[in-house]
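Number of protein chains: 2
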Amino acid sequence: MLSTKAATALTQEAAAIGRLHLRDLLGDAARSRALVHELGDLRVDLSRHKVRAETIELLLALAAETGLAGKMEAMFAGDLVNRSEGRAVVHMAQRAAPRIEGDGYAALAAFADDVRDSDICDVINIGIGGSDLGPAMVSAALASHGDGPRIHYVSNVDPAHLHDVLAGCAPDSTLFIVTSKTFTTAETMRNAALARDWAGGRGPGMVAVTAAPQVARDWGVDSSRVFDFDEGVGGRYSLWSVVGLPVMIGIGADRFARMLNGAAAMDSHFQAAPFAENLPVLMGLMRVWNRNFLGHAAHGIMPYDQRLRLLPAWAQQLEMESNGKSVSAEGAPLGHATTPVIWGTAGTGCQHSFFQALHQGTDIVPLDILLPLRPTGLHLDGDWAASHAVLAANALAQAEALAVGSPNDAEPHRHFAGDRPSSVISWEASTPYAIGRLLALYEHVTIVSGFLWGVNSFDQWGVELGKVMARRVEAVLAGTATPDGFSATASDLLDRIAAPADRKG
Amino acid sequence: MLSTKAATALTQEAAAIGRLHLRDLLGDAARSRALVHELGDLRVDLSRHKVRAETIELLLALAAETGLAGKMEAMFAGDLVNRSEGRAVVHMAQRAAPRIEGDGYAALAAFADDVRDSDICDVINIGIGGSDLGPAMVSAALASHGDGPRIHYVSNVDPAHLHDVLAGCAPDSTLFIVTSKTFTTAETMRNAALARDWAGGRGPGMVAVTAAPQVARDWGVDSSRVFDFDEGVGGRYSLWSVVGLPVMIGIGADRFARMLNGAAAMDSHFQAAPFAENLPVLMGLMRVWNRNFLGHAAHGIMPYDQRLRLLPAWAQQLEMESNGKSVSAEGAPLGHATTPVIWGTAGTGCQHSFFQALHQGTDIVPLDILLPLRPTGLHLDGDWAASHAVLAANALAQAEALAVGSPNDAEPHRHFAGDRPSSVISWEASTPYAIGRLLALYEHVTIVSGFLWGVNSFDQWGVELGKVMARRVEAVLAGTATPDGFSATASDLLDRIAAPADRKG
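If you read the protein sequences in the order shown, they are chains D and Y. Take any residue in the first sequence, note its place counting from 1, add 82, and you have its number in the numbering used here. Take any residue in the second sequence, note its place counting from 1, add 82, and you have its number in the numbering used here.
One or more of the hints may lead you astray.
[Claimed, not checked] Okay, derived cross-link-like pairs now, EDC-like style, lysine to aspartate or glutamate, Cα gap no bigger than 20 Å in a straight line: (1) 87(D) / 136(D); (2) 153(Y) / 412(Y); (3) 549(D) / 501(Y); (4) 153(Y) / 491(Y); (5) 549(D) / 566(D); (6) 153(Y) / 541(Y); (7) 153(D) / 491(D); (8) 549(Y) / 491(D); (9) 87(Y) / 139(Y); (10) 549(D) / 139(Y); (11) 549(D) / 359(Y); (12) 87(Y) / 147(Y); (13) 153(Y) / 167(Y); (14) 549(Y) / 541(D); (15) 549(Y) / 501(D); (16) 153(D) / 566(D); (17) 87(Y) / 136(Y).
By construction, these hints were calculated from the structure, which means they are not laboratory data. A quick note: this is a predicted structure, and the numbers were derived from the prediction, not measured.
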């Protein structure tokens with residue numbers, strides 16, 4: 083990527099723009115308004131990035147030189163762009179009209195309806211990674227639309243996770259959804275077995291969501307309760323598939339379909355809009371600009387919406403698992419940085435925590451500041467709207483303060499240098515449609531930046547070594563292997579685990 | 083800091099050690115075991131950092147040249163080391179024996195007991211930043227020791243936060259604790275007013291925790307229910323004070339005191355232990371080594387303990403708010419980087435999310451891997467212990483895999499370069515004592531690295547500009563000011579907030 087002509091020009095552009103302050107760039111209203119892009123009520127404001135018209139031109143040239151359009155076409159055409167696994171990218175088909183109108187979806191919706199109409203009080207999804215983060219995040223995001231049973235998510239092999247959830251449930255009224263692509267995921271199958279023991283054959287029992295239906299049936303799930311999905315659906319892109327079942331049980335099939343509609347609208351936009359107006363393309367280019375030309379190693383995602391508090395953790399998997407690679411899709415070493423660290427928490431809490439470092443620290447961290455303009459789902463009496471206006475004021479105030487800073491004060495500790503970039507992403511209200519559209523935006527931003535970086539955004543070989551190592555450690559703990567090959571201090575810790583000391587603090 | 087002789091030598095050391103792989107360093111058992119340090123059952127294993135004996139010597143020389151011992155002495159002696167606010171550092175006094183044996187503590191414990199013995203079902207703490215993150219984290223960490231009413235935490239001015247908690251509570255049996263040092267914090271007072279309206283004079287009402295008792299009384303809290311603390315206690319260091327009241331109500335005063343005892347034990351160790359064996363000093367030196375000499379811009383904290391899931395968010399405030407500064411304690415511009423981005427989530431979930439990037443991404447992120455060796459508080463029937471062994475195996479396996487990597491494979495996407503550092507921090511079990519000791523460790527690591535960086539770790543002027551800006555935006559939204567001085571796109575967004583469009587996605 084960095085060997086392109088555009089990259090050379092962008093390196094010069096970065097040096098040139100380094101001499102301009104965002105305060106001055108924002109003074110040009112025409113420039114700033116040209117950096118706002120919309121899709122329906124979704125508004126992406128890129129005016130607080132260190133860019134001007136020439137920068138965008140050069141970034142679009144970079145996209146052209148690195149073949150972004152061709153890569154997108156190949157993906158949409160169903161080519162096997164996930165080369166290391168020989169797979170096409172199929173998650174967008176999960177939210178396309180033909181699927182929502184098909185028999186499989188109707189069967190899923192009917193099952194969800196049955197659960198919603200039953201005496202089931204609690205639904206516990208047992209899954210980890212992509213089988214957890216996406217659905218858990220959406221269940222929280224759309225909590226005010228939830229009118230079904232309580233939905234819980236258990237992922238960790240730490241037994242405290244399942245234990246503490248079960249402590250609040252009763253076997254007679256608790257349904258378990260075991261979600262695992264292979265139905266062999268260590269954490270998930272261990273928790274599923276503990277859950278089955280706890281239920282002891284009472285109550286509504288177990289449902290399986292998997293790409294390995296025979297394995298689920300062999301494990302003991304009734305055929306009528308095995309919902310399978312295409313093996314080509316990657317975990318972190320899977321919430322649109324049957325992996326979304328717990329969400330659907332919580333909010334109902336109609337609202338779930340509206341979420342899919344919102345995502346599909348973003349898909350159409352991504353496929354059809356000219357790059358100069360294409361939200362995922364422009365945001366993906368900003369990721370690359372900030373990372374590779376301005377040198378920012380981290381990127382923050384701050385939702386000013388308490389119910390979107392799990393979005394940063396979901397986006398963290400999405401972007402870092404997709405683009406946390408050091409070799410190209412063809413297997414060649416890369417000469418440039420790939421994903422930044424993606425992190426964040428909900429606003430306004432973040433302002434009273436680490437925003438000190440974002441305003442006055444030595445490093446610059448570009449932010450996505452997310453804001454629904456209206457509140458949703460506040461049915462109790464009270465003047466809730468006034469607080470929402472304060473929320474909105476804070477989101478905008480932070481973006482302005484980070485960019486503009488303060489004049490030089492007499493006291494250095496009160497000085498704000500400003501010149502710190504952010505995107506402000508807003509929409510009318512956090513409806514299922516708006517949330518679906520927002521999540522698809524993040525998926526496509528990830529794909530665009532991955533294409534620019536030249537990586538395969540759809541595999542995740544980097545999780546394998548840890549699994550192999552964990553099995554070896556487990557064998558040592560079980561006494562079926564010796565700690566050969568582990569470091570001395572690892573071996574010492576294994577001894578301590580195996581033979582508890584009498585130490586007391 | 084970088085102008086010291088030790089820093090020059092450390093720069094050379096970083097280049098020299100860059101030629102050694104952690105795989106090789108770990109092969110030297112004597113070196114590795116010398117990098118393990120203990121306090122009671124707390125074990126801090128630094129052997130997987132890119133250091134050798136010479137490195138530690140040089141880092142201790144850096145501490146000497148930058149006057150760490152003198153700064154610590156001044157802090158312990160009660161000097162006004164928080165210069166910009168003219169304050170001493172007093173939070174350690176909150177967990178010292180004289181306080182726990184004093185009348186104030188007895189009165190607080192008596193109140194907590196009364197609540198625990200009453201018909202109150204729900205306690206809602208309303209506070210933000212340091213009045214939220216610490217107590218919320220401890221309530222989750224010690225959930226299995228909780229035998230009082232349910233404890234909730236509401237921080238965000240987003241009305242959905244309070245609303246969704248109230249939706250599960252009843253006014254007759256809900257107590258509110260309003261926690262704010264000044265009793266003027268915008269988010270907190272707004273939520274407190276909404277809560278008071280909701281309660282409508284019914285039920286157990288409001289308690290105030292504040293350093294401004296008169297303001298709380300003027301707001302309407304009965305004198306007998308105002309618990310005040312010293313203004314010198316900084317928010318992010320305050321959970322040991324009366325700010326811990328919701329924790330105490332949840333677990334009882336005896337367990338709370340044991341948590342204070344654990345923290346006090348760490349204080350004694352920090353003050354008395356030689357630097358070469360001093361856990362906070364050594365961990366603080368690792369922060370500086372990784373940040374300023376090896377150039378790592380982010381630091382991850384991964385607790386392998388689901389109940390410690392909020393610890394990263396607490397540590398994020400602690401370290402980033404304390405040390406996210408660009409000027410020295412004396413107000414001079416710094417010539418070196420300060421706090422990295424601090425972030426993380428609980429293991430094993432993290433392994434199925436962003437660990438791909440930690441293993442195979444282009445950037446190296448040093449980690450703290452935290453592990454209690456035994457499970458606690460699993461009272462339901464079931465074979466929980468076996469899962470905990472798998473949890474422990476995974477924590478250790480990740481540390482080894484990150485450090486050692488894999489041999490060169492034929493396929494580049496399956497290759498793990500290794501050489502990625504981590505600390506493994508373990509203890510017997512997550513008791514109140516162990517948690518108090520662990521949290522004090524993090525506090526002191528922050529103080530040590532802050533002293534090395536030369537910043538004032540006890541002020542937070544960087545949050546002020548955002549507050550001023552927010553009030554200005556609120557005035558525009560209220561129609562009492564014009565948007566002069568805001569950028570064009572900010573002004574456009576304000577128009578949209580003020581006059582909802584008919585846009586539908």
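Hints, one by one, checked against the model:
About 15 Å separates the Cα atoms of residue 87(D) and residue 136(D), which keeps this hinted pair within 20 Å; it holds. Among the hinted pairs, residue 153(Y) with residue 412(Y) is consistent with the structure: their alpha-carbon atoms are about 13 Å apart, no more than 20 Å. A hinted pair counts as satisfied when its Cα atoms are at most 20 Å apart, and residue 549(D) with residue 501(Y) qualifies at roughly 18 Å. Proposed proximity of residue 153(Y) and residue 491(Y) is contradicted: the alpha carbons are some 50 Å apart, above 20 Å.
This hinted pair checks out: residue 549(D) and residue 566(D) have alpha carbons roughly 17 Å apart, not beyond 20 Å. With a C-alpha separation of about 16 Å, the suggested pairing of residue 153(Y) with residue 541(Y) holds against the 20 Å cut-off. With a CA separation close to 50 Å, the supplied pair residue 153(D) and residue 491(D) exceeds the 20 Å bound. As the CA atoms of residue 549(Y) and residue 491(D) are separated by approximately 17 Å, the hinted pair is consistent with the 20 Å bound.
With a C-alpha separation of about 13 Å, the suggested pairing of residue 87(Y) with residue 139(Y) holds against the 20 Å cut-off. Between the alpha carbons of residue 549(D) and residue 139(Y) the distance comes to roughly 36 Å, so the proposed pair goes past 20 Å and is violated. Restraint check: the Cα-Cα separation between residue 549(D) and residue 359(Y) comes to about 34 Å, which exceeds 20 Å; the hinted pair is violated. A hinted pair counts as satisfied when its Cα atoms are at most 20 Å apart, and residue 87(Y) with residue 147(Y) qualifies at roughly 8 Å.
Distance restraint check for residue 153(Y) and residue 167(Y): the Cα-Cα separation of roughly 17 Å lies within the 20 Å cut-off, and the hinted pair is therefore satisfied. Taking the CA atoms of residue 549(Y) and residue 541(D), the gap is about 43 Å. The hint is violated against a cut of 20 Å. About 18 Å separates the Cα atoms of residue 549(Y) and residue 501(D), which keeps this hinted pair within 20 Å; it holds. Only pairs whose Cα atoms come within 20 Å are accepted, and residue 153(D) paired with residue 566(D) is rejected, the gap being roughly 46 Å.
For the suggested pair residue 87(Y) and residue 136(Y), the alpha carbons sit about 15 Å apart, so the restraint of at most 20 Å is met.
Checked against the numbered hints given earlier, this structure breaks hints 4, 7, 10, 11, 14, 16; the rest are met.
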